[in-house]
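Colleague: Residues per chain, in single letters:
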Amino acid sequence: MTLTEQIIMIAMVVFATMLTRFVPFLLFPAGKSTPKYIQYLGKVLPAAVFGLLVVYCLKDVSLFSGSHGIPEAISIVVVIGLHLWKKQMLLSIAGGTVCYMLLVQLVF
Amino acid sequence: MARLQQAKWFPALKAAFPHTIPIFAGFWFLGLTYGIYMNVSGFSFLYPMLMSLTVFAGSVEFVAVNMLLGAFNPLQAFAMTLMINARHLFYGISMLDKYKGTGWKKFYLIFGMCDESFSINYTAEIPKNIDRGWFMFFVTLLNHFYWFSGATLGGIFGSLIHFNTEGLDFVMTAMFVVIFMEQWMKDKKHTSALLGIGLSLLSLIAFGADKFIIPAMVAILAVLTLIRRPIEKGGAEE
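Going down the list, the sequences are from chains A and B. Under my numbering, the first sequence has 29 at position 29, and the numbering climbs by one with no breaks. Under my numbering, the second sequence has 213 at position 105, and the numbering climbs by one with no breaks.
Fair warning: there could be bad hints in the mix.
[What the hints assert, rightly or not] Computed cross-link-like contacts, DSSO-like style, restricted to lysine-lysine with a CA-CA straight-line distance of at most 27 angstroms: (1) Lys32(A) to Lys122(B); (2) Lys32(A) to Lys206(B); (3) Lys36(A) to Lys206(B); (4) Lys214(B) to Lys43(A); (5) Lys319(B) to Lys32(A); (6) Lys214(B) to Lys236(B).
[To be verified] Stretch by stretch, here's where chain A covers chain B in the computed footprint (C-beta under 8 angstroms, at least three residues): (7) 217-230; (8) 290-298; (9) 310-323.
I should point out that these hints are in silico values taken from the structure, not numbers from a laboratory. By construction, the Cβ of each residue, glycine as well, lies at the ideal position given by its N, Cα and C atoms.
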């Protein structure tokens with residue numbers, strides 16, 4: 001690929017990314033009232049999207065080979081446990097991550 | 109005037125920073141990895157540097173390395189990016205209200221609305237005395253800076269970097285688990301949260317890791333639309 005071709009390719013990636021981010025704001029500008037259906041989606045979507053993001057992070061974990069997803073399962077239990085106990089976001093995240101690093105580096 | 113301005117943005121920066129610490133860890137790890145990947149694929153550090161600034165969407169930047177190494181096909185690059193990043197549409201719909209009234213910052217907030225910025229800006233309990241617009245602006249800006257600096261350093265130092273960080277990428281998973289829990293504790297009903305996990309898992313099993321996002325989004329949208337009446341009758345999910 002020439003430099004110009006590379007620039008065009010990257011520009012396409014930038015343009016498509018911006019499209020996915022800006023379209024809802026262009027379709028439903030702040031000045032006009034947003035349709036009821038979209039307002040409803042705005043309220044219920046986030047909970048589902050966070051679920052989707054958790055699954056997205058774990059999409060490459062294989063239950064049938066390697067470490068069978070055991071380090072991931074243990075560390076997620078640690079994150080949930082810490083968060084129910086202390087409700088300190090940073091502590092829950094750091095605790096779970098250190099647990100996972102120890103498991104994949106030393107145990108599995 | 110200057111003092112008035114300062115009084116607004118500085119406390120917002122101080123309030124925003126702690127929320128971004130896990131993202132600093134995650135983005136430096138992933139950003140360095142991305143920069144190193146670009147470096148060993150034969151690209152100058154200018155590529156990860158400029159792409160992390162302009163695209164600012166992690167997964168698609170990794171895919172873009174392969175696209176740049178392949179044949180010149182801008183239409184495919186466009187379509188691929190749309191598919192990978194389609195989830196941003198959901199973020200936008202959810203942020204229509206929250207980004208309202210943030211003035212000139214709104215453009216940048218939308219431009220930098222990656223998974224992590226969206227998640228923090230949607231769930232964070234911003235103290236009453238902190239300016240919302242500035243808070244969300246700094247969350248976005250700090251995240252952008254972490255990703256940019258990680259990717260650029262990775263691109264410059266490339267293969268020189270050796271350190272045992274195996275497993276550090278789990279910081280992102282841990283963060284989304286916590287954010288999912290925070291949302292869960294705020295909601296009275298958990299229909300939507302359970303649908304998100306369940307339909308995504310079903311879609312992952314049916315379509316595989318590389319193709320599950322779009323079917324999962326379609327399924328979530330369809331089911332949430334079908335159950336709109338019962339959900340709204342039973343009170344909103346807030």
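Colleague: Would you mind marking each hint as holding or not holding in the structure?
Modeller: Do the hints match the structure? See the list:
1. Lys32(A) to Lys122(B): violated, 34 angstroms
2. Lys32(A) to Lys206(B): Holds, at about 15 angstroms.
3. Lys36(A) to Lys206(B): holds, 16 angstroms
4. Lys214(B) to Lys43(A): holds, 20 angstroms
5. Lys319(B) to Lys32(A): Given that 27 angstroms is the threshold and the Cα spacing comes to 36 angstroms, the pair is violated.
6. Lys214(B) to Lys236(B): holds, 20 angstroms
7. 217-230: holds (count 6)
8. 290-298: holds (count 5)
9. 310-323: With 4 residues closer than 8 angstroms to chain A, the stretch 310-323 of chain B meets the three-residue bar; holds.
In terms of the numbered hints stated before, the structure departs from hints 1 and 5, listed from lowest to highest.
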